[in-house]
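*Asks:* Just so it is clear: in the sequence shown, position 131 is 130 by numbering that gives the first Met the number 0, and no numbers are missing.
Simulated from the structure, these hints should not be mistaken for laboratory data.
The structure presented is a predicted model; accordingly, all values stated were derived computationally and were not measured.
A few of these clues could be false.
No more than 30 Å apart at the CA atoms, straight line, and that leaves these computed lysine-lysine pairs for BS3-like [unchecked claim]:
id: 1; residue 1: K58; residue 2: K26
id: 2; residue 1: K10; residue 2: K75
id: 3; residue 1: K58; residue 2: K5
id: 4; residue 1: K58; residue 2: K144
id: 5; residue 1: K32; residue 2: K10
id: 6; residue 1: K95; residue 2: K80
id: 7; residue 1: K46; residue 2: K125
id: 8; residue 1: K44; residue 2: K144
id: 9; residue 1: K1; residue 2: K44
id: 10; residue 1: K75; residue 2: K1
id: 11; residue 1: K16; residue 2: K5
id: 12; residue 1: K16; residue 2: K44
id: 13; residue 1: K16; residue 2: K86
id: 14; residue 1: K75; residue 2: K141
id: 15; residue 1: K75; residue 2: K5
id: 16; residue 1: K32; residue 2: K141
id: 17; residue 1: K85; residue 2: K75
id: 18; residue 1: K46; residue 2: K95
id: 19; residue 1: K32; residue 2: K125
id: 20; residue 1: K5; residue 2: K86
id: 21; residue 1: K44; residue 2: K10
id: 22; residue 1: K26; residue 2: K1
id: 23; residue 1: K26; residue 2: K46
id: 24; residue 1: K46; residue 2: K86
id: 25; residue 1: K32; residue 2: K46
id: 26; residue 1: K125; residue 2: K91
id: 27; residue 1: K135; residue 2: K75
id: 28; residue 1: K135; residue 2: K10
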Amino acid sequence: MKINPKNGIDKLIFGMKQNDVTAIYGKPDRNYKDEDDNVIFAYNKLKMRLTFYVEEDFKLGYIVASSPELEVFGYKIINRKISDVKKDLAAKGITKFTQEEFDTFENYFNEENWMIFQTEFDEVVKFEIGAIINQKDEFDWKFGKK
0 MKINPKNGID
10 KLIFGMKQND
20 VTAIYGKPDR
30 NYKDEDDNVI
40 FAYNKLKMRL
50 TFYVEEDFKL
60 GYIVASSPEL
70 EVFGYKIINR
80 KISDVKKDLA
90 AKGITKFTQE
100 EFDTFENYFN
110 EENWMIFQTE
120 FDEVVKFEIG
130 AIINQKDEFD
140 WKFGKK
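Using the sequences and the hints, build the whole thing.
*Replies:* This is the structure we're talking about:
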């Protein structure tokens with residue numbers, strides 16, 4: 000499953016509506032609302048959790064994924080050492096990361112592409128990607144754009 004920085008993962012494109020997603024991947028295994036009333040789709044087989052923002056007319060704005068099939072620029076990321084993943088990303092010009100620690104987890108956040116690589120014991124265990132916020136402080140929705 001290919002990660003498309005600033006756009007989404009695989010066939011998922013930021014700005015899609017729930018029916019666009021179900022047309023591609025079918026009904027989610029779980030469908031619920033979070034504490035902010037955003038709609039969450041969870042797909043067990045894909046190992047992905049999708050967030051549709053209530054304040055943005057329920058457009059897809061955030062994806063959390065942990066599938067071993069995830070790759071960025073042709074490089075797999077899950078279960079690899081963060082130092083190796085960062086080396087691969089550096090070759091593509093992605094070098095700035097903010098690092099945060101929580102218990103045994105560490106997050107490596109790249110704001111330019113709104114990507115988070117979550118590690119545990121120095122290996123990437125989870126990946127998060129969000130829609131980009133533009134200069135006008137609005138979401139830069141990619142779905143439907145050419």
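*Asks:* So if I understand the rule, the pair passes when the alpha-carbon distance is 30 Å or less; does K46 with K86 pass?
*Replies:* holds (25 Å)
*Asks:* Next pair to validate is K75 with K141; report whether the Cα-Cα distance is within 30 Å.
*Replies:* This hinted pair holds, its Cα atoms lying about 24 Å apart.
*Asks:* Hey, K16 versus K86, does the alpha-carbon distance stay inside 30 Å?
*Replies:* violated (35 Å)
*Asks:* Straight-line Cα separation of K16 and K5 no greater than 30 Å?
*Replies:* At roughly 17 Å apart (the allowed maximum being 30 Å), K5 and K16 satisfy the hint.
*Asks:* K32 and K125: Cα distance at most 30 Å?
*Replies:* OK: K32 and K125 at ~21 Å, within 30 Å.
*Asks:* Holds or violated: K125 and K91, Cα atoms, limit 30 Å.
*Replies:* holds (21 Å)
*Asks:* Regarding the pair K26 and K1, is the alpha-carbon distance no greater than 30 Å?
*Replies:* Given that 30 Å is the threshold and the Cα spacing comes to 21 Å, the pair holds.
*Asks:* Please work out if K58 and K144 have their alpha carbons no farther apart than 30 Å.
*Replies:* holds (14 Å)
*Asks:* Is K58 within 30 Å of K5, Cα to Cα?
*Replies:* holds (15 Å)
*Asks:* Could you grab the alpha-carbon distance between K44 and K144 and see if it respects the 30 Å cut-off?
*Replies:* It holds: about 29 Å lies between the C-alpha atoms, which stays within 30 Å.
*Asks:* Straight-line Cα separation of K135 and K75 no greater than 30 Å?
*Replies:* Violated: K135 and K75 sit about 34 Å apart, past 30 Å.
*Asks:* Could you grab the alpha-carbon distance between K1 and K44 and see if it respects the 30 Å cut-off?
*Replies:* Roughly 16 Å between the alpha carbons, so the hint for K1 and K44 holds.
Violation of the numbered hints given earlier is confined to hints 13, 27; the remaining hints are satisfied by the structure.
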